[in-house]
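Asker: Make the full structure from the sequences, and use the hints.
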Amino acid sequence: MEVLGVLNLGDLAQTFSKMGMFPVFDLAYYIVSILYLKYEPGEVARRSPVASWICAMLYCFGSYILADIFLGSCPVDYFQYNSHILLASAVWYLIFFCPLNLFYKCVAFMPVKLVLVALKEVVRTRKIAAGVHHAHHAYHHGWIIMVIVGYVKGSGVALMSNFEQLLRGVWRPETNELLNMSFPTKASLYGAILFTLQEAHLLPVSKSTLICLFTLFMATTKVILTARHSHGSPFILIESWVCHLLFGSPLGGGEEEHHVAPAPAPIAPISPVKTKEDLGEGTRKRKSKKAE
Amino acid sequence: MEVLGVLNLGDLAQTFSKMGMFPVFDLAYYIVSILYLKYEPGEVARRSPVASWICAMLYCFGSYILADIFLGSCPVDYFQYNSHILLASAVWYLIFFCPLNLFYKCVAFMPVKLVLVALKEVVRTRKIAAGVHHAHHAYHHGWIIMVIVGYVKGSGVALMSNFEQLLRGVWRPETNELLNMSFPTKASLYGAILFTLQEAHLLPVSKSTLICLFTLFMATTKVILTARHSHGSPFILIESWVCHLLFGSPLGGGEEEHHVAPAPAPIAPISPVKTKEDLGEGTRKRKSKKAE
Amino acid sequence: MEVLGVLNLGDLAQTFSKMGMFPVFDLAYYIVSILYLKYEPGEVARRSPVASWICAMLYCFGSYILADIFLGSCPVDYFQYNSHILLASAVWYLIFFCPLNLFYKCVAFMPVKLVLVALKEVVRTRKIAAGVHHAHHAYHHGWIIMVIVGYVKGSGVALMSNFEQLLRGVWRPETNELLNMSFPTKASLYGAILFTLQEAHLLPVSKSTLICLFTLFMATTKVILTARHSHGSPFILIESWVCHLLFGSPLGGGEEEHHVAPAPAPIAPISPVKTKEDLGEGTRKRKSKKAE
Numbered sequence: 001m002e003v004l005g006v007l008n009l010g011d012l013a014q015t016f017s018k019m020g021m022f023p024v025f026d027l028a029y030y031i032v033s034i035l036y037l038k039y040e041p042g043e044v045a046r047r048s049p050v051a052s053w054i055c056a057m058l059y060c061f062g063s064y065i066l067a068d069i070f071l072g073s074c075p076v077d078y079f080q081y082n083s084h085i086l087l088a089s090a091v092w093y094l095i096f097f098c099p100l101n102l103f104y105k106c107v108a109f110m111p112v113k114l115v116l117v118a119l120k121e122v123v124r125t126r127k128i129a130a131g132v133h134h135a136h137h138a139y140h141h142g143w144i145i146m147v148i149v150g151y152v153k154g155s156g157v158a159l160m161s162n163f164e165q166l167l168r169g170v171w172r173p174e175t176n177e178l179l180n181m182s183f184p185t186k187a188s189l190y191g192a193i194l195f196t197l198q199e200a201h202l203l204p205v206s207k208s209t210l211i212c213l214f215t216l217f218m219a220t221t222k223v224i225l226t227a228r229h230s231h232g233s234p235f236i237l238i239e240s241w242v243c244h245l246l247f248g249s250p251l252g253g254g255e256e257e258h259h260v261a262p263a264p265a266p267i268a269p270i271s272p273v274k275t276k277e278d279l280g281e282g283t284r285k286r287k288s289k290k291a292e
Numbered sequence: 001m002e003v004l005g006v007l008n009l010g011d012l013a014q015t016f017s018k019m020g021m022f023p024v025f026d027l028a029y030y031i032v033s034i035l036y037l038k039y040e041p042g043e044v045a046r047r048s049p050v051a052s053w054i055c056a057m058l059y060c061f062g063s064y065i066l067a068d069i070f071l072g073s074c075p076v077d078y079f080q081y082n083s084h085i086l087l088a089s090a091v092w093y094l095i096f097f098c099p100l101n102l103f104y105k106c107v108a109f110m111p112v113k114l115v116l117v118a119l120k121e122v123v124r125t126r127k128i129a130a131g132v133h134h135a136h137h138a139y140h141h142g143w144i145i146m147v148i149v150g151y152v153k154g155s156g157v158a159l160m161s162n163f164e165q166l167l168r169g170v171w172r173p174e175t176n177e178l179l180n181m182s183f184p185t186k187a188s189l190y191g192a193i194l195f196t197l198q199e200a201h202l203l204p205v206s207k208s209t210l211i212c213l214f215t216l217f218m219a220t221t222k223v224i225l226t227a228r229h230s231h232g233s234p235f236i237l238i239e240s241w242v243c244h245l246l247f248g249s250p251l252g253g254g255e256e257e258h259h260v261a262p263a264p265a266p267i268a269p270i271s272p273v274k275t276k277e278d279l280g281e282g283t284r285k286r287k288s289k290k291a292e
Numbered sequence: 001m002e003v004l005g006v007l008n009l010g011d012l013a014q015t016f017s018k019m020g021m022f023p024v025f026d027l028a029y030y031i032v033s034i035l036y037l038k039y040e041p042g043e044v045a046r047r048s049p050v051a052s053w054i055c056a057m058l059y060c061f062g063s064y065i066l067a068d069i070f071l072g073s074c075p076v077d078y079f080q081y082n083s084h085i086l087l088a089s090a091v092w093y094l095i096f097f098c099p100l101n102l103f104y105k106c107v108a109f110m111p112v113k114l115v116l117v118a119l120k121e122v123v124r125t126r127k128i129a130a131g132v133h134h135a136h137h138a139y140h141h142g143w144i145i146m147v148i149v150g151y152v153k154g155s156g157v158a159l160m161s162n163f164e165q166l167l168r169g170v171w172r173p174e175t176n177e178l179l180n181m182s183f184p185t186k187a188s189l190y191g192a193i194l195f196t197l198q199e200a201h202l203l204p205v206s207k208s209t210l211i212c213l214f215t216l217f218m219a220t221t222k223v224i225l226t227a228r229h230s231h232g233s234p235f236i237l238i239e240s241w242v243c244h245l246l247f248g249s250p251l252g253g254g255e256e257e258h259h260v261a262p263a264p265a266p267i268a269p270i271s272p273v274k275t276k277e278d279l280g281e282g283t284r285k286r287k288s289k290k291a292e
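Chains as they are written, first to last, in my numbering: chain A, 1 to 292; chain B, 1 to 292; chain C, 1 to 292.
Honestly, the hints are just simulated from the structure, not real lab data.
Just so you know, these numbers come straight off a predicted model, no measurement behind them.
Beta carbons: idealized from backbone N, C-alpha and C, even for Gly.
One or more hints might be untrue.
Said to hold, decoys possible - Just a few of them, taken from the derived set where beta-carbon distance is under 8 Å, the chain A residues facing chain B:
hint : residue
1    : F70
2    : L71
3    : G72
4    : Y139
5    : W143
6    : I144
7    : I145
8    : I148
9    : E174
10   : T175
11   : N176
12   : L179
13   : F247
14   : S249
Stated by the list, open to error - Across the chosen pairs, the derived CB separations fall in these ranges:
hint : chain 1 : residue 1 : chain 2 : residue 2 : range
15   : A       : H244      : B       : Y36       : 24 to 34 Å
16   : B       : E43       : A       : P41       : 20 to 30 Å
17   : C       : L246      : A       : L114      : 25 to 35 Å
18   : B       : L216      : A       : P41       : 50 to 60 Å
19   : A       : L202      : B       : P99       : 21 to 31 Å
Answerer: Here's what the structure looks like:
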């Protein structure tokens, strides 16, 4: 931390938090998002390119669509940025229809994927901060609205996954992202709370510093989780205690407890519960094998 | 009626229709609404407090959310009233997580519940009147819009129950509130029509009198229905005739006919058809037994 | 074409494209739309007239509702036109509850139906053009938004059929209009693209001429398809080639290929795939037989 202090952390954070996201970071966001779409069941790309393209757009721009819906603006507002849509459409085309599956193999190659995943988290953090700021602009004391808008901006398509799946003819009513929150969704919620506290001047840090720190946390955690094919969450220990205190939940959450390392290790090892992305990874491997 | 005239009914109605709803009446509304949520299947409160909290908010503020959606404003607009949200959240916490289930046992105790149910109907009537008035403000001659907005303000979460259930992982596509209207939903529709007629100056009563009379009708009926664990409806007789005349439906609706008392009795005895709330009551009883 | 030139095509197109749609064309639109609703499974008209009426309104005004949602305005905005709603409600009442099913028999009589279908396509084309124009007004360079809004204005209730069915207690998650596009939905998409290109001055025709030509194409095709009880599409040949080039789909789409006539014939004969409307026709026939 002293080294960072010498390097003038404040200026660095300021510069970082003002950096443009288009096209490099946004491109990484589109690639990783549509990669996850490819892992999903329902082979609609060839059967109905229109449905597949719409799903891809929801994966890339779902957070804007949801935030616009929640704030009562035009849901297709973001589609006025033709260059963003064209870039995302190009990524969709390359991932699904590139000859020899070449593009997919490149971006799904682990070292490349880890870089892209890290870049995606940079965009996610900025979206949360922008969402909270936007809501603050519309409702000066609407703290709950700020959390909600920051949350949907961070979680994006995950929060409407039931309806996104429906587009592909898949219907799984027994679960949804709110019943079984994945790490990015949970982190978006906590991030939205943090940014709202900052906007309310209840956190003793500047917004740019918070963006910097939260980006670092998100990128590191997501890269480690992706590298380990894990779907654990660094929050398990804290959550288990808070839920025990507040809601009287049984401490530790059963089997998962055995895997949770003691306090200093921030990342929980592979959870035994297979989640959506887990299955996606499995599918990916099978698909890769078929392709080889 | 003469006695009421002596008591200066007009002034009384005026005062009553201007009375503030927060916090007493709103509190009753939140308690009764979240009580019905607790009766619903899907034990999500402990599994996912976030999903449960969101459901509770939909139960308490669904009418505002729906009316905002229908009128094209921001659906989370009402969440700017932090004190209302905090009060509803406190009720949610107490009903689901209070030690020894104490709060639940208190408010579900029949005499207390009857008072709360009566207070809830006061809020419902005011919401219908406010919805119609709001729509009248936006569309001066949009009589149908007025009825729609008043209707959704009165019915609230019931009209989006399919999607609210989905949040809890429950999916019952074969039915919905429009196919099997419960008494409050029906009454909201008729109330919305009455208030729209009043707004169009087609009813020879002032709005405050109409609010007063409709509140009296709703509170009395709902209290009697709750006390008798009944899901009948005082409209069955009239509806059966109107449907017969307009739509050629078979008169009387089969078995229900036997239970319907002749004209003067306004409340139909227990209907043989088990509805959502019926099941809820059953579940409640089983739950109480388990808790004891 | 020379004859049309002599007849002053430009003026004719101008007059045609400015012609009022209410009440004749709109009436035809309502009749044909509610006719398709009657073919749908789920006998709710007698069980719940309210749900049935709402479905009928979605069939008639779904395109306005969807376009309003997509552009962030009030979804019930169109319901301010009381005369349109009353006319559509009258059609709904006559089709579902007319004594002896007389009205239904008249409008479902093939020659009458063909005229109504042609008139409906006139309205559809105008809606697409109006949708694109409206979106152009809101987003001057939002070409994608224009296509989206034109598309939903043309397709109407088809795009929300999953949710419209849910109102009637029917749930078919395995399919939707985007996975299996019917001819009108596809044509609306292509029409929306054409009108957007025209709005962007990339098509060397005036808007009124485009409206005229597209109406002619739609009306002719839909009348032929209806007369032949067919659900093929004149686009199959082109689509099959484009999909082969762009998405590497197998050429021709299997069995359908045998039925496709060589280039000059614009209408593909009866497709072996039974679609929604196909089933509707079947149901209609059975119903007519029962009625006789």
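Asker: Out of the numbered hints, which ones does the structure contradict?
Answerer: none
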